[in-house]
Structures are given as structure tokens and as C-alpha cells.
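A.B. asks: Below are the chains, spelled out letter by letter.
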Amino acid sequence: MGAIHVSGLEKSYGAVDAVDGMEFTVERGELYGFLGPNGAGKTTTIRVLTGQIEPDSGEVSVLETDPTTDPIETRRRVGILPEQESPPSFLTPREYLEFVGEVRDLDAERVAERTDRWAERLGFESKLDTLHTDLSRGQQQKVMIAQAFLHEPDVVFIDEPLANLDPLVQEQVKRFLVSYAAGDNAVFVSTHNIDVAEEICTRVGIVANGQLVTEQSVADDGADESLLEVFLDRVEGEDARDTPTLEQLDT
Amino acid sequence: MTGETTDPTAPTSPNRSGSGLSTRRLLAILFREEWRMHTELFGGWRFALFPFVIAALAVGGSVALVETGTAPGTVVVGLHVLAAGFGLYSGTAGFAGSDMLENVFGRLSLLLSSSTTLPLSRRRLLGVFLLKDALFYGVAFVLPMALGGAVAEGLSATTPLSVALFWGSLFLVFAVGMTTTVAAIAIRTRGAPPWSIGLAIGLAAVGSWALEAGAVLRRVLVPIEGTAIGAGGLAAATLVVAAGSLLLYDPTYGRPSRTATDRFARLSAALPVADSPLVTKSLLDLARSSGGVWKPFVSSTILLALVAALVGVVDSITGVAPAPGIFFGGVLGLSAFTTYNWLTQFDSLEAYLAYPVSIADVFRAKRTAFILVGAPTAAVPYLAAVVWFDTTPLDAVVGAILLAGYALYYYGLTVFIAGFDPNEFLFDAVRFATFTVGVAVALVPTLVAGFVVVPPSVELAAVLVLGGLVMGAVGIVLSSRAGPRWDARYRTE
Numbered sequence: 005m006g007a008i009h010v011s012g013l014e015k016s017y018g019a020v021d022a023v024d025g026m027e028f029t030v031e032r033g034e035l036y037g038f039l040g041p042n043g044a045g046k047t048t049t050i051r052v053l054t055g056q057i058e059p060d061s062g063e064v065s066v067l068e069t070d071p072t073t074d075p076i077e078t079r080r081r082v083g084i085l086p087e088q089e090s091p092p093s094f095l096t097p098r099e100y101l102e103f104v105g106e107v108r109d110l111d112a113e114r115v116a117e118r119t120d121r122w123a124e125r126l127g128f129e130s131k132l133d134t135l136h137t138d139l140s141r142g143q144q145q146k147v148m149i150a151q152a153f154l155h156e157p158d159v160v161f162i163d164e165p166l167a168n169l170d171p172l173v174q175e176q177v178k179r180f181l182v183s184y185a186a187g188d189n190a191v192f193v194s195t196h197n198i199d200v201a202e203e204i205c206t207r208v209g210i211v212a213n214g215q216l217v218t219e220q221s222v223a224d225d226g227a228d229e230s231l232l233e234v235f236l237d238r239v240e241g242e243d244a245r246d247t248p249t250l251e252q253l254d255t
Numbered sequence: 008m009t010g011e012t013t014d015p016t017a018p019t020s021p022n023r024s025g026s027g028l029s030t031r032r033l034l035a036i037l038f039r040e041e042w043r044m045h046t047e048l049f050g051g052w053r054f055a056l057f058p059f060v061i062a063a064l065a066v067g068g069s070v071a072l073v074e075t076g077t078a079p080g081t082v083v084v085g086l087h088v089l090a091a092g093f094g095l096y097s098g099t100a101g102f103a104g105s106d107m108l109e110n111v112f113g114r115l116s117l118l119l120s121s122s123t124t125l126p127l128s129r130r131r132l133l134g135v136f137l138l139k140d141a142l143f144y145g146v147a148f149v150l151p152m153a154l155g156g157a158v159a160e161g162l163s164a165t166t167p168l169s170v171a172l173f174w175g176s177l178f179l180v181f182a183v184g185m186t187t188t189v190a191a192i193a194i195r196t197r198g199a200p201p202w203s204i205g206l207a208i209g210l211a212a213v214g215s216w217a218l219e220a221g222a223v224l225r226r227v228l229v230p231i232e233g234t235a236i237g238a239g240g241l242a243a244a245t246l247v248v249a250a251g252s253l254l255l256y257d258p259t260y261g262r263p264s265r266t267a268t269d270r271f272a273r274l275s276a277a278l279p280v281a282d283s284p285l286v287t288k289s290l291l292d293l294a295r296s297s298g299g300v301w302k303p304f305v306s307s308t309i310l311l312a313l314v315a316a317l318v319g320v321v322d323s324i325t326g327v328a329p330a331p332g333i334f335f336g337g338v339l340g341l342s343a344f345t346t347y348n349w350l351t352q353f354d355s356l357e358a359y360l361a362y363p364v365s366i367a368d369v370f371r372a373k374r375t376a377f378i379l380v381g382a383p384t385a386a387v388p389y390l391a392a393v394v395w396f397d398t399t400p401l402d403a404v405v406g407a408i409l410l411a412g413y414a415l416y417y418y419g420l421t422v423f424i425a426g427f428d429p430n431e432f433l434f435d436a437v438r439f440a441t442f443t444v445g446v447a448v449a450l451v452p453t454l455v456a457g458f459v460v461v462p463p464s465v466e467l468a469a470v471l472v473l474g475g476l477v478m479g480a481v482g483i484v485l486s487s488r489a490g491p492r493w494d495a496r497y498r499t500e
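In order, the protein sequences belong to chains U and E.
Using the working numbering, you'd call the opening residue of the first sequence number 5 and step up by one each time.
Using the working numbering, you'd call the opening residue of the second sequence number 8 and step up by one each time.
Honestly, the hints are just simulated from the structure, not real lab data.
Keep in mind that the hints are not guaranteed to be accurate.
If you anchor each label on the Cβ, the simulated ranges turn out as follows [said to hold, decoys possible]:
| no. | chain 1 | residue 1 | chain 2 | residue 2 | range |
| --- | --- | --- | --- | --- | --- |
| 1 | E | E357 | U | N213 | 23 to 29 Å |
| 2 | E | A316 | U | E113 | 37 to 43 Å |
| 3 | U | N213 | E | I378 | 34 to 40 Å |
| 4 | E | A312 | U | Q174 | 52 to 58 Å |
| 5 | U | G187 | E | A495 | 34 to 40 Å |
| 6 | E | A358 | U | Q176 | 23 to 29 Å |
The beta carbon of each residue, even a glycine, is placed where N, CA and C say it ideally should be.
Just chain E, same shape as in the assembly (with noise of 0.2 Å):
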């Protein structure tokens, strides 16, 4: 006997900071746990087609795109912003300090809250889990891509080469996306307040606008057209500052216990319609959780964004403008989709199976609430565009017709074919194809009309107003049966 005592609890003890398992092996654990969740969730052969239904769409919308006049090199700028838009998204996943990872990911993903009980450092786990997510996401989602890219540019003996070097920028622009995400937030837990991540984000941006810097930022954020020395240099720099943001983060971060004056009383009286308790409790959980009420509008912010910048560049091209009322107003009605799944982000279905409400009158309160919130949120950014693309007043009138009657339809669709449950159709091959084809099936000859007939004729316009109602009553009839629908689904599951 020695006489040596080791104190297990120790911060320094060799066993807290898991060094009994090796990296490589917590990695294919990890591994195995998100391959098993989307399998459980979505069953195997769904989730293992959804990589293929994003080939198709990749490469479908390059072809259609190219073929319709679109320059290659618009579409591979295209895949890439949609590259690094995915990995913006992608890098909350593996950090606690923001709602839904607590609230939704934390019932999911049991190691990740290992770090709690096992001798586990939780700065390693949540680095090796964000490696993994990059590695996962960056075969399931971002290859697939790849292949869009490749169909751009031509078919030839060296394809494979191409979609092999196009897989490589599309990933590194991923990870630059997932790495900015990550240390925004690692600052975050060092105290700096999110108005200022914000501010930082959007001075930013304004100067890269004001500096005239899309250019530099192109050769600097699409590798692939720049030389291999800039794509090293971005990869370098990219690990370095994962690295960095990694040691910045501070794993103890908790946020402060906050109250709340009570508002659901007032509200709830305030509000006539039918459901007013259900709808104010979507409001408030809406308005209360992370990012507030400007979440929706972010998210259609964005889409105006990219659907001006699409506009840009096609005109500048081609010289060719789309009428910018059906144009704008049949794509910002996709904000529907964004604002439902903020709205059921933090709920579930079934812990109101515990008060004597159907599952027909969430629903239906959901519906009112999605009202409530997509209105002024579809309507801010369509008012913006109508008036910075200077649409004439017909233009105008029938875009509003459709992006209220599209935003209806998209949003019935989305509760019809996924519930309460939104954003699983990310990993759902039958439903994400389903929605696209019924996404598809209003917006192509929409856009379509948009490009050829400028400024729209009368007779356009009134087919187009008609398409709009119909749409929308489309829409009202599915979200109506949704109720039904999934009511009958859990109560026979």
C-alpha cells in the first residue's frame, strides 16, 4: 500500500477530464447516436434517402437554372451562400447556451448531457460533437450539393474530380458558417450582450456593402474559383478560430433565472378569437424565448435578401427584371414555413392531451396564431421590396393577392404533411420531396409569369389573382384537416 489518495472529484483528477476515452472512440459513439436518432425518429430508409432527394433537387435546379438562361458561376454562388447558410444554422447545435438546444436537442442527445455525469470535460465533448456534426452534415447535406455544382458547370470525364472539389468548397464554406455561429456564441458566454453580437454582425455587413466588398468576399467565400492558397488560407483560418472560440467558451455559462410580468390574463382577454388561451400561450412562448418576436422576421429578412440578390444578379446578367410584385410576393410567402416552425419550436403536441382541448383546437389556435405573426412578418419585407424595386400599383395589388394566398397554402401544407413537427422535414425524404412538389407546383409558373410578362397584363393579373385565392383556400381546407388528421394519428398510434 502506498498510501496515495486520489479524490475523484478533483478538477484536476486525470479521470474529470475524460481521458479514459479516447477521442476517436467518442467520436464514432456520437456517430452511432445521431444515425440512431434519425432513424428512430424518421425510419432508416427515409432518412437515408433524404441525401438523394437533395441530389436531385440540387442538380434539377442547377439544370433548370442553367437552361433558363442563369450563368453557371450564379449557381455555384448560389450553392455555396446555401452552403454557409446551412452551417450558420448548424453550428447551434452543439452549445447549451441558446433555448432550443437545452429545451429540444437536450431531450434528444443523451451524451451530449453526459458531461453532467460522467468524467467527461464538457469543452471536449461539445468540440469532438461539433466535429461531428460537421463530418455527419457535411456528407448527408453538403455532398449531395456538391453535385448541383458539378451539373452547372458541364458533364465531362473529369466529373468526378469536379464534384470531388466542389464537395471540398461547399464543406469549407459550411464549416466557416458553422465556426462564425460557434464563436458568436462562445463569446456570448463570456458576457457580451447578444445586441452587441448583433450590432458587430450588422456593421459588418453594412461595410462590406458600403465598402463595395462582394467581390473580394466572392474569391474569399467560394473557394472554388479562387486559388488553393486562398482555400488554405480559409481553412487555416477557420480551424483557427473553431480552436480559439472553443477555449473561449465557458462551459459554466448559465443563464440567470428570468421572471416575467403577468400578461396572459390581459392578452387572452384581448384577443377575439376562439382558442384565445391556446393562441396567447403561442404568443408568449413565441415572444419570450430566445430571439423574440423578431425571430420570424429575421428569417423572411433573409429570404428577402437572397431573393433580391437572385433578382440582382439575373437582371445584370440577362438584363432581363422580373416583376418585382409577383416575384416577391409568390417567394416571401415561403416565410409561412419559417414562421410555423418558430411558433412550435418550443411545444408539444401532446402535453396538451392533458386539459380538455382536442388536438383539432390547437390547431386551429396554432392557425390563428401563425395569423397573428405571419402577416406583419410576410407583409414588412414584401412592403420593402415593392417600394425598392418601384413595382407599379398592379404589380403590387396582385403580389400582395399572392403572397397572402401562397402564404396560406404553404402554411397548410406544412401542417398537413408534418404536423407539429416542422423542421423533421429536413430529415425526411417522403415528406421533404412531398412539400417541395407541392412548394413547386404554385411557385414555378408564379415565377415564371414573373419573368416573361413585365409589367404584368391584366389578363396575367387575373389569372394570377385567381391562382392566389384558390391557393389560399387550398391551404385553409388542408390546415383545417390537419387537426383531424393528426388527431386520428396519436390517438390510434
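Just chain U, with the same shape it has in the complex (with noise of 0.2 Å):
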């Protein structure tokens, strides 16, 4: 079974079907990307596969374990990068990544050892000791993504991972999700961004309807049409290549 197995996962809000049919496996070594528009049913899925959220019906597992009967136990093994913005915490980013420490269980020690080492990495390390309540969005991103890391998991869910960065950062956050994805660990990133998923990604999964309508490995140098003609193709249809408009692309 691969770090992340999903089959038959259904999942809607009232009469709408969020999730319908969902089937993918993600194995180490991966770094996975969910490709959509809005609505897609990419946050749903990644809700259902951390635990959030309990599926109406399918199988999930999250190295080896069920996020839906044992949703604590699948967090304390992965790192979340949620979608939503961050609440107005009061703490500084040290504070708070103390405050991730603890729930997680780690040693003090290396908490401030890696903080210090994140704040070094994303540039924040003026800003460690600033209320996070006060930090731009984009300082305010890279706190969160510190925090995902923060217990090195074996697998990480992303939620648009370069939101509010500037290019110097996303550059450096790229190769480092490359580079940690080799390390034997699974990273998964939902995005809408195809630049970015055909330039990192291992493999893509296209979503649309609540569906996962195609895959394909990006390092597949051979292929025949590019990602984004492919997205374009599965998503809305041929003659969607010929017109693509903002709604489509929605990047």
C-alpha cells in the first residue's frame, strides 16, 4: 500500500457531490500534485485524507493508518499546510512554533534548533520575535509552511503552497519540497498552478468534478501534449485548448 490510498472516496454537501468517486494512490518518494479549478473537490479531499472531515463512503489511509476512524493518530503523522488563511494568532512565530512543538511532542531543544533553521531558510528571522497577528501574508506563509516541516513528517499535504511569496522564496521552497519528496517522504500539493506542477511535480492528478479524471508523470519527457493541454483537454474538452478563459484556468 502506498503512503497515501485512496478508492472509491465519495463525499458531498447537501446536494452537492463534492467528492464523487475519488480513486489515487501517492507512494514515497512522490511529489503529487492536485490539479484543479475551484470546486474541483481538491480541499475536500485533502480534508477527508487528514482527518477533518469524515468521507460518506470509499477507503482512505494515510501510511497505514485511517484517517477517518483514527484522525489523531494520521496528524501527529503528517504535516498539514491548510488552505485557509492562518487565524489571528498573538503569539510570535517562535511562540508558535513552540506552541506546534509541544502539541506534537518534541523536544524543546530541537524546536528552537529547527526554528531557527526555517527562519533562516524563508528569511524570517527578524521577524521571530513579532506579534503573527502583525506579519504580512507573506511572512505569515512562511511561518505555516515552518510549521508543516516543523516534525519532519513522512508525508505533508499542501494547500497552494507558494501563496503570497515573493520569487526568491518560492524558489527556495521549491527545491526544498524536491528535495525533501526524494528524501523518501511523500508531498502533496494541491494547486492550481500548472507552471509550478509541471516544474516540480513527479506526477500530476488532474481533478474535476469531484473526479480524478486523468494522471500523468511529469518527468515524462516524451509526452505528446504539455500539462496544460492536457488539463485543459480533461477538465473542459478540446475545444477548451483553443479558447482558454480566466474561469478555466482560474491560476
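Two chains, two frames, a set of hints: combine them into the complex.
C.D. replies: Written out as C-alpha cells, the structure is:
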């Protein structure tokens, strides 16, 4: 069984089928891109995989835990960078990472050492003692990235990893994600950004209307179609290729 | 081609002032957003019913007070105090100077933040926003309150006219309250430190008390008891201060980034409780948000002042003074609601779902934080009341037990019904009515007992102590069940 396994997953909100028979597997060592337009079911899938909500039906497992029946154990083993903005915390980044470290039962010295390392890597050393609520969105995103990796999990779920980051930090984060996945971990990235998915992912699953419509290995240099072309074909059909609209791209 | 060029970013450009959108149109859009926000959050009919719940409470409360001997004039004054207090609270909603607005309202109101992306003057947008709030709450909240005042003075053929006049009177003091807050925030944006504003308010209150200006204030702030000229003067003064405040308000005001010494690890280690990191986060969020740890104290002190004034008024009219321990113990337990509200003001349950903690863990931690903050918050005003009113030892002990038990009960009730969003009570008719009934079940018999048997007999004291302990136990059960209840709701949404 892979690091992440999803079979026949269904989840609806009232009359809306958010996820409708999702199937895929992600292995260790993969940086898996979950690509799709707004409302395709990406965030709902991540919320099920991290035990935040229960599915209507289907099987899911993450690192051989069942997030439906044991969500705490799943969340203990994985890292999560949620889609929604972090709440307005009045902790400083240093204190917030101490909080995450304590909640995850990490040794305080190790947390301090990793905090310094992440602050240096993402360039928020000078903001370590500034209240989180007073940081810019970009700085807040950096802190949230740090918390997702603080316990060096085997699997990380990331919703839009590069949101609000400046180009230099984006490059650093992209390189880090690639190297992290290569270290026998699985990184699951949900994104709208086709270029980013094409650049860093080893494999991409394209989602539309709550279903996985196709998967493509990005490393396949001999592919006839670009990822953008595949996306437009599978999401809206051939017609969309000629006249891509903002609604379709949504990047 | 005329060769003229315009710079759309120039401050003098007409496009930047938002003159393309009429005030009437802007007001209509803001009204629509307000309505949709409430109906989306609470469900249309649950919000639409809310004014009827307010009306029922106002009428029911007024009738009960008058029937039990309270002078109609006292009820009228009480309703005006409530309207002014609600106005003071509502005034914070239009300005981005407070944490609450930046962090809570900012996420809800697209239009409020649109001055940063659209050619709309922020000062004008805020002015219209406040006008919308005044009209919206004036109809949804203040109008139903007016029914209570009209009933207190007795029904007759002219009751509709009485309701209209009463509404005008209440709306005027509501506007005074809003304007006062707006003026304070406008002064703050010009660099005045918060302590100086607080000092000025405190000095004004002390001065009024020292000069025995209560009668004068009553004539001014209860317009329906005064002359038309007086009411007109108050309305004109309110308009002038409101307009002046908007002119004074600095839309570019921004608080500098705040830093803090690392206190998390030490505080968390010092707390000998389960879930100490979650508790520590709650405590630090409370202590560092605007108003700091004093917020809950201010809320409970306001409650103390209102109840003390009510006791004084009833005593002066009827000659009957309640047993102060029982009376204050029962009522001050209500500070549990405001304390819990402050503890959840800057928090989101969903955010905790990124960590290996359950929703039940989060609720348990909130209860611990509530006890740590709520105990002194309720105890200090209670002790002040006990000393001030020269309470008998038995009454004081019974009141203390009632205070602890009822505070736990009100807390449990709040958490069970409203989960992590206690302030949403204000707009959800079903939740608000359930909470009100739950409070009344404990409080009304206690207050009646406190008035009837003074000082309390040993038998009554024993019954009340037992009642306090039972209600406290009920509160613990309710708060323990809140975690699983809300966990199930969130996970199966």
C-alpha cells in the first residue's frame, strides 16, 4: 500500500457532490500534484485525508493509518499546510512554533534549532519576535510552511504552497519540496498553478467535478501534450484548448 | 484629441473619491451585504426571527418588572441604558482600528476592505458603513426594544404613537453610544494613547458622580422624558460629533508591528494542567489582543455597575433591598458569557485541525482557560459588592457558591449551544432563545428568593447552596459534552 491510498471516495455537501468516486495512490518519494479548477474537490479530499471531515463512503489510508477512524494518529504523522488563512494569533512565530512543537511532543531544544533553521531558510529571522497577527501575509505563509515541516513528517499535505511568497522564497520552497520528497517522503501539493506543478511534481493528478480525470507523470519528456494541454482537454474538452478562459485556468 | 491626460492614481482624481457611486447606491449595496452575511451565517429565518425574540424579551421583561413593583420610569431608564450600551458596542464595527475589526470583520465584509482595491474613499466608505449599521440595528434591534417601553407605560389607543416616540428616543441614545465610540476611535487614530482616552472617560464618570449629575444626565439621555427641544439638541450634537469624528479619523492610521518576549514555553511549563500548550495559547492571545487581560474585568465591572444601580433604584422606590450576596452571586455568574466570548474572539476551531488534537481537547483547554481567567473576573467584583453592601457572612458564602456554580452552568450552556462562536447568539433567534430560557431557569428563582427572604434563612441558604452545586455540575456535564457534540458536527458537515 502506498503512503496515501484513496479508493471510491465520496463526499457530498447537501445536494452537491464535492468528491465523487476519487481513486489514487501516492508512493513515498513522490511529489504529487493535485491539479484542478475551483470547486473540483481538492480541498475536500485533503480534509478527508487529514481526518478533518468524514467521507460519505470509500476507503482512505495515510501511512497505514485510517484518518476516518483515527484522525489524531494520522495528523500526528503528517504535516498540514491548510488552505485557509491562519487565524489571527497573538503569538510570535517563535512562540507559535514552540506551541506546534509541544502539541506534537517534540523536544524543546530540537524545536528551537529547527525554528532557527526554518527562519534562516525562508528569511523571517528578523520577524521571530513579531506578533503573528502583525506579519504580512507572505511572512505568515512562511511560518505556516515551517510548522508543517517542523516534525519532519513522512507525508505532507500542502494547499497552495507558494501563495503570497516573493519569487526568491518561491524558488527556495520549490527546491526544498523536491528534495524533501526525494528523501523517501511523500509530498501532496494541491494547486491551481500548472507551471508550478509541471516544474516540481513527479506526477500530477487532474481533478474535475470531484473525480480524478487523469494522471500524468511529469518526468515523461516524450509526452505528446504539455500539462496545460492535458488539463484543458480533460477538464473542459478539446474546445477549451483553443480558447482558454480565466474561469478555466483559474491560476 | 485634446492632449489631456489623467492620472487615475492621483489623489485629486475624481475617480479616487468614489464619486462614480452615489451614496444611496453604496448604502443599498452595504445593506444587501449585511443581510446576506447574517442570513448566510445563521440561516435566513433564524435571523429574521431575532427581532421578534428581542420584542418578546423586552415586553415580557417590562411586564414582569412592572408587575413586581418596579416603577415604569425605571424600566424606561433601563431600556435607554441598554440601547446606549449597544450603541457603544456597535460603534466599533466600522473602524479598522481594533483587532476585532481587522481580524474578524475584515474576513466577513468584502465591501469594508474594498477601499484598498476600488476607487472609494475610505473615510466616505466608513461613514456610509456606520450609517448603514445605525439604520440596520436601529430597525432590527432597537425597534423591538421600543415595544417593551411602550408596554411598561401601559397600553392605550395611543400605543402605536408611544412606540414610535419611544423608538425615536431609544434610537437617539443608541446613536449617541455609537458616536461616542466612533469619536474615541477617531481620537485614537490621531495618536492619543488608549490610557488617556480611558482616563478621560473615567474622569467624566467620576465627575458626574461627584457632582451628583445623575438627574441632569437622565434628562439628557432619556429624551422621551425631556422636552422636544432637548431631544433636538441631543440629535444635533450627535450629528455634529459624528461628522467631526469622521473628519478627524485618520484613514491611514496603522499600528506599528508589535513584538513580544518569548513567554510561551515558560508559561506552558508552569501550568500544571492537561493540554497546557492549548491553554497557554488562549491565555496569550487574550493578554496580547487589544485591551489585554483587562477586557473580561471591564465586562464584569460593567455588569456589576448595572446590577448595583438596579439594586439602588429598586431600594429607593420600594424600600426593599435584596440579599446582596445571593443577588450579586447569581447575576455576576453571567460574566461567564463575556469571558468565554473574549477567549474565543481571536480563535478558529478549524485551525486546530492541522494538529494532532481533537476538538474535545480544544474545548477542554478552553474550559481550563475560562476557569483561570473567569474565577478572578467574577470573584473581584463579587467581593467588592459584598464589602460595599455590607453582606452578612451566611449571605456572602451562599452567594459565593452560587457565583461559582452558576458561572460554570452559564459557561457550559454557552459552549454547548454556541460552540466556538458565542457572539453569534446575537443574531440567531433559536440559539438566543434557548440560552435565555436556560439562564432564566437558574436566575429568576434565585433573584426572587434573594428579594423575598432578606437576610436568607438557613433553610433557604441550604436550598440555594444545593442549587448552586447542582447547576455547577450541570455546567461541567454540558461543557464536557460540547467537545464531542461539535466534533461530530464539524466532521460530518
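A.B. asks: Does each hint hold? Answer for all of them.
C.D. replies: Hints versus structure:
no., hint, in the structure
1, E:E357 to U:N213: 23 to 29 Å, "25 Å, holds"
2, E:A316 to U:E113: 37 to 43 Å, "56 Å, violated"
3, U:N213 to E:I378: 34 to 40 Å, "49 Å, violated"
4, E:A312 to U:Q174: 52 to 58 Å, "55 Å, holds"
5, U:G187 to E:A495: 34 to 40 Å, "38 Å, holds"
6, E:A358 to U:Q176: 23 to 29 Å, "25 Å, holds"
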